[in-house]
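If you read the protein sequences in the order shown, they are chains A, B and C.
Residue numbering for the first sequence follows our numbering, starting at 1 and increasing by one per position.
Residue numbering for the second sequence follows our numbering, starting at 355 and increasing by one per position.
Residue numbering for the third sequence follows our numbering, starting at 684 and increasing by one per position.
One should not assume that every hint holds.
[To be verified] Distance condition first, Cα-Cα at most 20 angstroms in a straight line; then the derived SDA-like pairs of lysine to any residue:
| id | chain 1 | residue 1 | chain 2 | residue 2 |
| --- | --- | --- | --- | --- |
| 1 | A | 199 | B | 473 |
| 2 | A | 199 | B | 356 |
| 3 | C | 686 | A | 217 |
| 4 | A | 199 | B | 438 |
| 5 | C | 948 | A | 74 |
| 6 | A | 15 | B | 536 |
| 7 | B | 647 | C | 948 |
| 8 | B | 651 | C | 814 |
| 9 | C | 686 | C | 1037 |
| 10 | C | 948 | A | 46 |
| 11 | C | 1067 | C | 918 |
| 12 | C | 686 | A | 2 |
| 13 | C | 686 | C | 1066 |
| 14 | C | 686 | A | 102 |
| 15 | C | 686 | A | 99 |
| 16 | C | 686 | A | 3 |
| 17 | C | 989 | C | 1001 |
| 18 | C | 948 | A | 102 |
| 19 | C | 1067 | A | 119 |
| 20 | A | 15 | B | 356 |
| 21 | B | 651 | B | 579 |
| 22 | C | 948 | A | 101 |
| 23 | B | 651 | B | 638 |
| 24 | A | 199 | B | 439 |
| 25 | A | 15 | A | 173 |
| 26 | C | 948 | A | 99 |
| 27 | B | 442 | A | 119 |
Since the hints were made in silico from the structure, they are not lab data.
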Amino acid sequence: MRDVAVVGFAQRQMKDFDGSPTCVELLVPLFAECYEQTGWTRRDVGFWCSGSSDYLAGRSFSFVQAVDAIGVIPPVNESHVEMDLAWAMYEAWVKIQTGEVDTALVYAFGKSSAGVLRRTLALQLEPYTMTPIWPDTVSLAGLQARAGIDAGLWDERAMAEVAHRSLTDAEKNEYAVRQGGSSVEALLDRPVYADPLRKHDCAPVTDGAAALVLAAGDRAREVRETPAWLTGLSHHVDPIGLGVRDLTRSPSTQRSGAALDLGGVEVAELHAPFSHQELVLRRELGLADDVRVNPSGGALVSNPMFSAGGIRVGEAASRIWSGEAAKTLAHATSGPALQQNLVCTLSSTPEGGN
Amino acid sequence: MSRTLSAPVTVAFDYTRSTGPVIGRFLTGLRDGVVVGARTSDGRVVVPPPEFDPVTHRATGGDGGDPYVEVGPEGTVTSWVWVPEPVKAQPLDRPFAWALVTLDGADVPLLHALDVASPDEASTGMRVRVRWAAERVGAITDIACFEPVEAGSGGLATGAGAPSATTVDGPVTGVVTPVSLDYVYAASPEESAFYRAIAEGRIVGQRCPHCGKVYVPPRSACPADGTPTTDEVELSETGTVTTFCIVNVPFLGQRITPPYVSAYVLLDGADIAFLHLILDCPAEDVHMGMRVKAVWKPREEWGTTIENISHFAPTGEPDADYETYRNHL
Amino acid sequence: MAKTPAAVIGVGQTHHRARRDDVSMAGLCREAMDRALEDAGLTLDEVDAIVVGKAPDLFEGVMMPELFLAEALGAAGKPLLRVHTAGSVGGSTAIVASSLVQAGVHQTVLTVAYEKQSESNAMWALSVPVPFNMPVHAGAGGYFAPHVRSYIRRSGAPTHIGAVVAAKDRTNALKNPYAHLHNEGTTVESVLASQMLWDPIRYDETCPSSDGACALVIAAEDVAARSADPAWIHGTVMRSEATTAAERDQVNPQASRDAAAYLWKQAGITSPIDEIDAAEIYVPFSWFEPMWLESLGFAAEGEGWKLTEAGETAMDGRIPVNCSGGVLSSNPIGASGMLRFGEAALQVRGRAGEHQVDGARRALGHAYGGGSQFFAMWVVGSEKPTG
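The shape of chain A in the complex, shown without the other chains (with noise of 0.2 angstroms):
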C-alpha cells in the first residue's frame, strides 16, 4: 500500500445556506481554502471526487454543476458517490493505491433545509414496508436510544453529558451551529421533545459543504511538515431492517474498527448526529476513557449531510497537523440508526508509530 495522507481540509456549516442546492457558490472559496493550504492550483489535483444527494437538493443530476468549481477546462479525472464525504475519500484513495494518480481532492455538499429532512430521509428505507408509513430520522434513532436505556447500557444523563460536552467543545469551533453549554443539570431540567430524546440529543438541520486534500508519498510531504497519514480505512454496512438488527450495537462499526490499529489514538471524532450513538460508536471501538472525543463538538452541534462524515476526518486530521495529537481516529456514517460505517486512523508518521 502507498503512504497517502490528508494535506488539506475546508468547511462551511450554517444552519440556512441563502443559496442554491447545487452549493456551487459553497465550494468556490473550499476549494480555494484548499489550494492556499496545499500551494497547489486545480492543475495539481489529480483526481476528483463528490458526494452528494438527489433527495436532498429534491432534483435529478444534482450533482453536475458542481464541477462548474473546479474549472473544467482540462476535463478532469472525476467521480461521484450518492454518499458522504468520507465515501468519496475511500474512492480517491483506492485510486491513488491504484497509482494512477498521487492527488485527490475531494467534497461533498448539501442543502439540508431544501426540505423537510427528517421527512426526506424516510426515502431511504426499505421502500415496500417502511416509507409508505414515513418513519422519520428523528424517530428511528429515539427506539435505538430506547433500547440502550431499556437494557440499561446508558441512560438520560449519560446522553445529556454527551452533548453537554459537545456544546461546550463547539464554543471554539467557528463553524458549529449550535454551541454554548450550561450543565448537565440543565439540559436534563429541559422538556423531553421525542421521548426518550430532547432536542439537543438530536443533530442540527444543518445546510454546508467540505473539502479534503489527499496526496502520496513525497507530494504529501512538500504540502505539510506533518501530514496526516491514513494508516488504517475501513467500512462496511449494515442490514437495514431495524428489526433484524441489534440496535444497541453498530456490528459494521465493530468490524471496520477491528480490521485497524487503534492502540495509541489520542483523539476521536466520531459522527454521532444523536448523542447515544456516540455512546454506541465508543463501546464498538473499544476506545479508552482517555481518548478525546470530538473536541470539534462533533456531528451533534452540525451535521451537514454528506459533509458530516468526512469533516470528522478533516477534524481529525487537524490535529496531526497542529502537533496537538500523534494519532487520531475519524469516523462516518449513514444510513438509519449508524446503519453504514467508516472508520480510519490518522498518524503523524506513516508507520503510524507514536
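Since the structure of chain A is already known, use the hints to place chains B and C on it.
Coordinates of chains B and C only, in the frame set by chain A:
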C-alpha cells in the same frame, strides 16, 4: 431583501412498485387480514419476510418449500418513541408513538405507529394489537397502526375479528407508493441578479474576470476556470438560433403543449447560448443561424423569471453566418 | 507504480423488459448477480466487497437504495459503495470496482448496476421544472436532439444515417436473448417511417425505457487464474467536464477526446479501428454512433458516418459496434453502461453467444452521461496485459 430568490417546488410521483413474490406474500397477507413472516435459515421467524435469507443468501421460498408463517395480530412492544410533531403522510396526523412490536409467533419486531394519546401511555413490554385499516388493498398501510390491547376496541378489531378480505383476490404483486416532497428551491446569487434584471425587462449577463467570456445567466463559477463571473454586461434582445429541436412528444409534467421548438439562442454579445422557445413562425421554418428577437409578455405579467420573455420570434434579418456560431455547437 | 492486474471473471444480466413486474428491485439485482457469480464459479460469501451503481434516485423514489438493498445483495457485513455519475454510472461503477482490485485492496469484488424504470417515469424525473427557468426541457431526447442536429450540420452526414444505426442495432438485438427489444424486420425504411419525437430524432432511433440489471465479478490475478476465460482489464478512464460552458464542443466534447487518448495509451493501442475487435459504445440515440466513432478516434472528425453507412460497424464490418443491440435495444439506464462494459468482456472471453465476433481479442466498453460530459471507458482483452 434576501440575497437569493427562492420558490417552492413539489416533487411528487405515485411510484408503481412490483413487489416480487416474498414482499407480495406479506402484502397479500395484510390484505387478507393476517401478518405473515418467514422462517429464516437460523430458525427465526422474521416479519416482514426477508426476500433473501440473511445467512445463505438464497431467495426466500426459492427452494420450493413453504417458509411462510402466520403470526398473531397481537404482540409486545420492544422499543418505542414519541412523535410530538408528525410529518406529512405518517399513519396518524396527531402526536403518536412509533413502536417496534414483536408479534406473537415472531422473533423480530415490526415497525409501525402506535396510537396512544401521550407518552405516558406507551411503555416497553406493553401488549398491543393490529388495528386494521377500514379498507385493505395489499399495502403496509392496511395496518392502520397498533393500539394498546387494554384499550377499548373502538376501531376495527384484530385477529379473528378482522374484517374479511376485500373483493379483490389473487396474490398482491404490486403496490403504489405516493411520494410527495416539498422543497424550497433557491437560485444562486448570480442567477438571482439575472432574474431580478429580467423583472425590469433587462437581460444581464456577467463576464468571467479570468477568461473574459460573457455568461447568461451569470454563473457562481465559470465552468472553464472555476472563477465566479462578475462584471455585468447588458445584453441585446436579439440573437441567433445555434441549434434546436422540435419537441413532438407529450410527457407527464410538461408545461408547454407540443409541438414546440426548443432552441439554443446565442444573444448578441454573449458567449453562451441558452434555451428558449421559438414561435411566430411554423416550426419547420426554424433553422440554424436564424436571427431572432425576444418577445416579452405584457409587463403586468412579469415576475422574476425568464418566462417574462414569452418566446423568441424571427427578426426577418438575413441568417447569421455559420462562422459566427459554429463554435457554439 | 503499476496497477495490480485484474480481470472480469463473471458477467450476468437480467432479461431486460419494459416492466419486470415479476421481481422487486432486490430480485432484479440478484438475478444479474447470481448469473455473474455462477459464471465466475463463486458464491456471495467469497466476495470481498459490493459496488452498486444506479442513475438518479428519483427514478425509483428511493434515496440511496443500496442501503435497503444491502442485505439482499449479500453486502451486510461487507464494504458497500454506491457510485452515481449520471448515465455513465454503469461504466464508472465497473471502474471503481476494478480499482478496488487494481489497488490491491480486495481480491474479489462484485459490482451491480440497475434501473427499474417502470417504478416511475424517466421523462418526469428528468424534467421536474426548475423555478425561474424556461420549462422547455423534454427529457434526454429533448436534451440531445439539438446536438444531433449540430452534428449533422458539422459533418454533412446524410439524414438517414441515424436510421442505419437503429436498423443495425435492432437487428443485432435479435441475437441477444437478454435484449429488451426484439423487433423483427426493422429496416432503414421502417425507422425512417417512425414518428419524429424530438426532431431530428425519430421514435425508432431512441432507446427504450427498460427494467434491468447487470453484474460483474472482478478478480485479482490469483482468483482469475481459476477462470478458463478471464477478460483482462487493459485500461480504464473517467473524464468529466461541464454541462454547459462558453463555446463548449457539445458534439465532440473534449472530455471524450481526452478520455479516449488516455485509454488507448494505457492499452498500447495506436490505431483503434485496427486493434479493437468489438466495441460496445453508449448509443441511446442512434446518431451517437457516428458521433462517438469520431470522438473515440475510430474515424476522423466528420467521417464517422461513412463507417456507419458503409456497414463497417455491423457485426462483419471493420469495427463491429454494439453487437448486443446496445442501448438502443435495452436501456435500464443505471445498468446501461455496465452492460457495455460486460458485453465487451463477453466478447473477449468468446462468450457472447450468437452475437459473438469471431476471435475477438480486445474490446472497448464505453459509457457517457449528463449532457455528454461524463465519460467512462475500458479496454478488456483475452490476454493478460504486459508490463
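Taking the earlier hints as the rules, which of them does this structure contradict? Numbers 2, 7, 9, 19, 21 and 23, in rising order.
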